[in-house]
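Work the whole structure out from these sequences, hints included.
The primary structure of each chain is shown beneath.
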Amino acid sequence: MEKIDRLGWTDGISFSAFGVRLGIRLNDGSLLDRIRTFIPPGSKPANSPVVDHLYSLMTGRETRAKVRRFNLLYSGAGRLARTLDLEEALAALESDLGLYIAEFARQRLFVHAGVVGWQGKAIVIPGRSFSGKSTLVAALLRAGAVYYSDEYAVFDSLGRVHPFPRPLSLRSKGDCSVAHVPSESFGSSAGIKPLPVALVVGSDYAPNAKWRPRTLSLGQGVLLLLNNTVAARNRPKAALATLRRVVSDAKIIRSKRPEAEKTAELLLQAMLATGRPE
Amino acid sequence: MKLPRARRDKLVIENLPEETLIYDLERDKAHCLNRTATWVWQHCDGRTTVRQLSARLRQELHPQAEEELIFLALEKLRKARLVEDTTMRIGAEFQSRRQLTRRIAVIGGLSLLLPAVVSIVAPTAVAAASCTTAAGCLADPRNINLCCCDVSPRKTCRTNGKCTGNAC
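So the protein sequences, as listed, match chains E and X. Residue numbers for the first sequence follow the working numbering, beginning at 342 and rising by one. Residue numbers for the second sequence follow the working numbering, beginning at 11 and rising by one.
Hints are computed from structural coordinates only; laboratory data are not their basis. Heads up, a few of these hints could be off.
To be verified - A few chain X positions that, by computed beta-carbon distances, are all more than 12 Å from chain E:
| no. | residue |
| --- | --- |
| 1 | Pro14 |
| 2 | Arg17 |
| 3 | Glu29 |
| 4 | His53 |
| 5 | Gly56 |
| 6 | Arg57 |
| 7 | Ser64 |
| 8 | Ala65 |
| 9 | Arg68 |
| 10 | Gln69 |
| 11 | His72 |
| 12 | Gln74 |
| 13 | Glu76 |
| 14 | Glu77 |
| 15 | Arg88 |
| 16 | Lys89 |
Said to hold, decoys possible - Here are the simulated DSS-like pairs of lysine-lysine, each with C-alpha atoms no more than 25 Å apart in a straight line:
| no. | chain 1 | residue 1 | chain 2 | residue 2 |
| --- | --- | --- | --- | --- |
| 17 | E | Lys578 | X | Lys20 |
| 18 | X | Lys39 | X | Lys20 |
| 19 | E | Lys597 | E | Lys385 |
| 20 | E | Lys578 | X | Lys39 |
| 21 | E | Lys344 | E | Lys462 |
| 22 | E | Lys603 | E | Lys592 |
| 23 | X | Lys89 | X | Lys39 |
| 24 | E | Lys592 | E | Lys534 |
| 25 | X | Lys12 | E | Lys578 |
Everything numeric in this text was worked out from a predicted model, so none of it was measured. All residues carry an ideal CB built from backbone N, CA and C; glycine is no exception.
Structure representation (structure tokens):
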């Protein structure tokens with residue numbers, strides 16, 4: 342770490358996110374505005390230079406012709422990226438920063454899931470990459486739901502889900518390219534208040550699938566969420582206690598799903614069946 | 011035959027109204043025990059015999075419940091490593107789940123008593139996270155299993171769990 346400390350840092354920011362204090366230092370201050378967009382919603386700037394974890398981004402500048410300068414990204418003392426493409430280094434920083442906060446957040450539990458609000462209650466759609474969460478969230482927004490997150494369901498200790506409204510990451514078919522689309526593009530606003538969870542939906546997209554929801558028990562619902570919990574291994578006790586509260590008043594269903602628009606319609610019908618809206 | 015002793019060390023236990031959630035800190039596995047499995051697990055004290063427990067089972071859960079239900083629960087608990095003696099051999103009187111299911115299907119309400127233990131391996135932080143950018147997928151080698159296939163010499167995209175062959 343001492344070697345990295347000596348590299349000549351000119352600028353940096355520190356902030357606190359969900360109880361984790363983080364710092365990012367740079368040798369190029371012009372990147373600060375870009376890096377501020379990586380900071381998750383709900384974070385606060387910190388004045389203290391003491392942080393729990395420090396990222397260091399050394400951008401490679403052209404000095405002499407025919408000399409390639411790599412962009413280097415460090416997470417603590419470990420090197421995270423060494424690349425000639427600055428965008429790659431920035432993407433790695435954004436990805437790892439989000440993951441670090443999700444794993445070590447002290448006040449919240451992060452579950453990899455899409456979340457929307459509907460008449461004062463939340464629909465949570467846990468799932469791994471490529472399960473079609475963001476597409477389904479986008480369809481629900483078009484149907485009038487309120488946007489909470491397409492990446493993480495952020496739960497407090499009472500089991501309520503908080504907004505984590507970053508632009509939706511929508512992949513184009515057939516490749517890995519991702520478009521970041523604000524929720525307003527779908528005619529939806531972002532939620533403000535924490536919501537109790539009314540519906541937890543385990544679903545994977547399958548072409549021509551029929552929607553045949555199977556109701557799961559509360560315990561199986563907890564396992565469904567735990568299977569997508571970032572800090573499942575770090576904090577299993579807190580995770581189980583929080584998730585138990587999340588599902589306590591929720592209906593939990595699982596099914597292969599058809600196209601997103603059709604599924605969104607079916608989910609909103611299921612929400613009506615879960616009880617009186619608040 | 012005596013019941014094995016239930017494992018208590020290095021477990022996180024969370025009780026639900028009808029089920030029990032158990033996190034195994036040694037193996038990073040989480041289990042969900044239904045009512046019958048929970049009931050049997052709670053009675054695994056290393057002293058009580060299966061015969062004694064089956065009498066209690068009939069008193070407390072269902073008058074027509076059979077001893078096989080206990081053997082079936084023990085087998086599931088053993089596989090989940092929630093009892094101390096994981097090498098125990100279930101007696102000859104134990105029948106397969108299918109045989110047992112067939113038998114109890116004719117007894118109303120008894121199928122609800124079938125013991126069930128659902129297990130998952132708890133994800134690592136990286137496994138639970140999304141790879142949201144193609145650049146991030148390439149830049150972070152830990153993402154390879156999430157959205158890229160590591161096909162040398164070029165990484166290629168993975169869509170809906172399948173390698174597409176397109177370069178990321």
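Against the structure, the hints:
no. : hint                 : in the structure
1   : Pro14                : holds (23 Å)
2   : Arg17                : holds (16 Å)
3   : Glu29                : violated (4 Å)
4   : His53                : holds (19 Å)
5   : Gly56                : holds (26 Å)
6   : Arg57                : holds (28 Å)
7   : Ser64                : holds (25 Å)
8   : Ala65                : holds (28 Å)
9   : Arg68                : holds (24 Å)
10  : Gln69                : holds (25 Å)
11  : His72                : holds (19 Å)
12  : Gln74                : holds (23 Å)
13  : Glu76                : holds (23 Å)
14  : Glu77                : holds (26 Å)
15  : Arg88                : holds (20 Å)
16  : Lys89                : holds (16 Å)
17  : E:Lys578 to X:Lys20  : holds (11 Å)
18  : X:Lys39 to X:Lys20   : holds (11 Å)
19  : E:Lys597 to E:Lys385 : violated (40 Å)
20  : E:Lys578 to X:Lys39  : holds (13 Å)
21  : E:Lys344 to E:Lys462 : violated (51 Å)
22  : E:Lys603 to E:Lys592 : holds (20 Å)
23  : X:Lys89 to X:Lys39   : holds (12 Å)
24  : E:Lys592 to E:Lys534 : holds (21 Å)
25  : X:Lys12 to E:Lys578  : violated (32 Å)
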